[in-house]
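Can you make the complete structure from the sequences, with help from the hints?
Protein chains in written order, with the working numbering: chain A, 24 to 285; chain B, 485 to 898.
Honestly, the hints are just simulated from the structure, not real lab data. A few of these clues could be false.
[To be verified] For lysine-lysine, the following DSSO-like pairs were computed, each having C-alpha atoms within a straight-line distance of at most 27 angstroms:
#1 K137/A / K613/B
#2 K138/A / K564/B
#3 K764/B / K818/B
#4 K104/A / K818/B
#5 K564/B / K726/B
#6 K74/A / K791/B
#7 K137/A / K791/B
Here are the chains, one letter per residue:
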Amino acid sequence: MKKILICAISFLAGSLCFAQELTGYEIAKRCDEQNEPNTASYSATLTLTDKKGRSRVREILMRSKDYGETEKNVIVFVTPKDVQGVGYLSFEYDEKADGTKPKSDNWLYMPALKKVRRISGSDTGGDFMGTDFTYDDMGDRGLNEDVYELLGEENISGNECYKVNAVSKDKTEKNPRRILYISKDNFLLIKCELFDRQDNLQRVLLCSDIIKIDGYWCTQKMVMTNVQTNHSTTMEMKNVVYDKTLDDGMFTVAAIERGSVR
Amino acid sequence: MGIRKVYLSLTVVFLVLLHGFSQEIDFSGRFTSQAAVGLWHTENSGDFLKGGMEAEGELSGNYGDSSLYIAGITEYDAAKKSGIDNFSGRVKEAYFDYNGSWFAFRIGRQISAWGAADGLIVADVLCPKDDNAFLADDTSASRLGIDAARVSLTLDSVIVDAYVIPFFTPEALPLKSTDIFHKYVFPDGVHVHKINTPDVNLKNMEYALRFSTYLRWFDLSLYGFYGFQDKPVFKIFMMDKKTGEFALDGSYVKHLMAGGDISVPLGDFTIRGEAAFFPKKCFATSTFTDWERHNEFVFLGGIDWMKSSWTITAQYFGDYIRKSLADVDEEHYKHTATLSISYSLDRANLEFSASGVVNLEDFDSAIQTEISYDFSDSINFSLGTKLFNAGRYKGTYGRYKDLSCAVLKGTYRF
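Right, dumping it as structure tokens:
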């Protein structure tokens with residue numbers, strides 16, 4: 024009995040030591056290094072709700088493919104009708120060894136102009152389709168763009184989470200500070216609080232309906248609320264398929280120009 | 485069988501094929517009601533320059549990698565005094581499309597836009613303009629489709645498009661006296677007697693080629709075109725010796741174009757450049773008594789800045805005709821500058837925009853302003869102005885100063 028107790032105490036002490044050894048950076052790293060599919064294909068409905076409860080709906084198709092150091096994403100807008108056919112193609116590049124992340128290459132096809140325009144990759148802080156998500160939120164953020172600090176633990180919607188403070192090294196960003204609530208079980212993001220440049224809470228992201236599809240974790244529902252304007256956007260993903268063979272031709276300027284992404 | 489009956493028949497066949505073979509059919513369109521009223525300082529003060537409705541519809545059907553697409557527009561303009569000319573309509577596009585992973589083709593009536601310029605034409609000679617599109621907002625509204633077969637090859641970041649255009653489509657000129665631009669294009673007392681359009685045969689086919697590459701640091705496109713100039717070249721002649729009446733006869737003349745464009749993202753900016761060379765292009769002399777051929781070089785430089793809700797674009801455009809001068813009804817060197825600013829609020833539901841072009845010789849200009857609001861995803865209202873300002877002389881834009889107007893537009897999309 025005594026031996027069992029000693030073992031149990033040793034194990035518990037060891038576990039506590041292990042848990043305490045995880046720094047904010049390590050927790051964020053484990054969250055960032057989640058097993059990700061080579062390809063992803065889904066449609067998403069974004070419901071915008073204003074402070075009076077009125078809502079509008081946008082629908083997009085999204086396809087992405089990982090080429091190692093480059094991830095190519097294509098988004099095609101389905102509704103509303105005034106943006107139907109608009110195509111957005113982006114090539115995102117992995118972080119370099121020195122921790123810097125090269126700017127993405129972006130193209131936008133506008134059906135009204137019948138042209139593809141090369142656009143600057145700098146303005147990723149802009150609203151995505153008038154929603155509460157930004158292009159930055161839709162893309163992949165480099166792990167070393169922030170400095171992390173573990174603040175503690177908190178229960179969010181029944182999930183025990185690490186609470187990690189992430190401060191951007193680029194102070195000009197729209198949200199230079201974020202608090203990440205990362206699940207202790209599977210290191211998935213459950214909640215995120217985003218602060219503006221005056222360090223006031225600006226937006227809150229809540230993730231739910233997290234399930235495994237084709238062996239990969241998928242957050243099927245995300246609600247981004249702008250607490251300053253009392254406006255929210257709910258993004259719900261449907262028809263999610265991972266590691267399906269996606270033609271390389273889908274991730275070209277020609278594909279968005281010809282409207283062949285379906 | 486008239487050409488209209490041919491198109492109507494083809495449209496019916498098209499729609500039957502669409503219905504029969506498509507896995508998925510999508511129908512959408514819009515109704516636009518608009519009115520343009522002459523501003524107080526013009527000779528058309530208080531007059532309706534345009535007033536009526538447009539109905540536009542698109543039908544598309546997909547089957548695997550193939551699709552069928554048809555788009556048409558009809559318009560009723562109550563401001564035209566003639567009852568006959570109030571109605572107009574056309575098939576904008578109607579094509580069959582196949583998109584494979586590296587090979588694609590499109591056959592039928594189609595609109596394509598080349599180049600990196602905004603609102604100005606440098607190398608974008610593929611689709612002709614509709615010179616009657618007074619309130620056109622975009623390329624789709626202001627351009628006419630070409631009846632062509634396009635074959636495309638895609639290899640990673642390189643695209644090659646080759647066009648064969650068996651049926652020539654000319655620019656839509658304001659030939660009717662009820663057309664709003666008629667009196668500005670055709671002088672008083674001189675009417676258009678006839679315009680000789682090319683015969684439809686193998687010899688009169690047009691060809692175009694585009695090579696584009698989209699790279700890490702820049703996009704580059706090269707263009708080539710061999711075909712007819714979209715506008716006829718006119719010659720004047722005395723139609724009636726007794727009355728001394730003069731008339732114009734026009735003919736379409738073939739030309740060659742070689743051009744290219746480049747876009748380079750730099751930080752918060754995107755730099756654009758475009759150029760086109762027209763060897764021995766045909767021009768009418770200033771007296772319209774003859775034609776002459778001169779080399780023409782057209783170029784443009786532009787810069788875009790997009791940040792948050794702001795979009796600002798500026799361009800410089802130059803048009804140089806080698807060996808000019810008084811012999812040709814085109815100035816030796818024309819240059820213009822454009823500036824466009826837009827700002828959106830309320831999650832892009834409300835947008836303010838202003839754009840202007842100024843001729844840098846005469847300093848005449850055209851300025852367009854607009855406030856646009858989306859009441860819902862389907863309904864949009866806009867209020868704006870189109871101002872044409874004279875410079876030292878009438879100028880390219882100043883001659884339209886009496887068309888300066890306020891525009892109210894409502895659009896319903898479905």
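Going down the list of hints, with the structure as the test:
no.	hint	in the structure
1	K137/A / K613/B	14 angstroms, holds
2	K138/A / K564/B	33 angstroms, violated
3	K764/B / K818/B	18 angstroms, holds
4	K104/A / K818/B	40 angstroms, violated
5	K564/B / K726/B	33 angstroms, violated
6	K74/A / K791/B	26 angstroms, holds
7	K137/A / K791/B	23 angstroms, holds
Taken one by one, the earlier hints fail for this structure at numbers 2, 4, 5, listed in ascending order.
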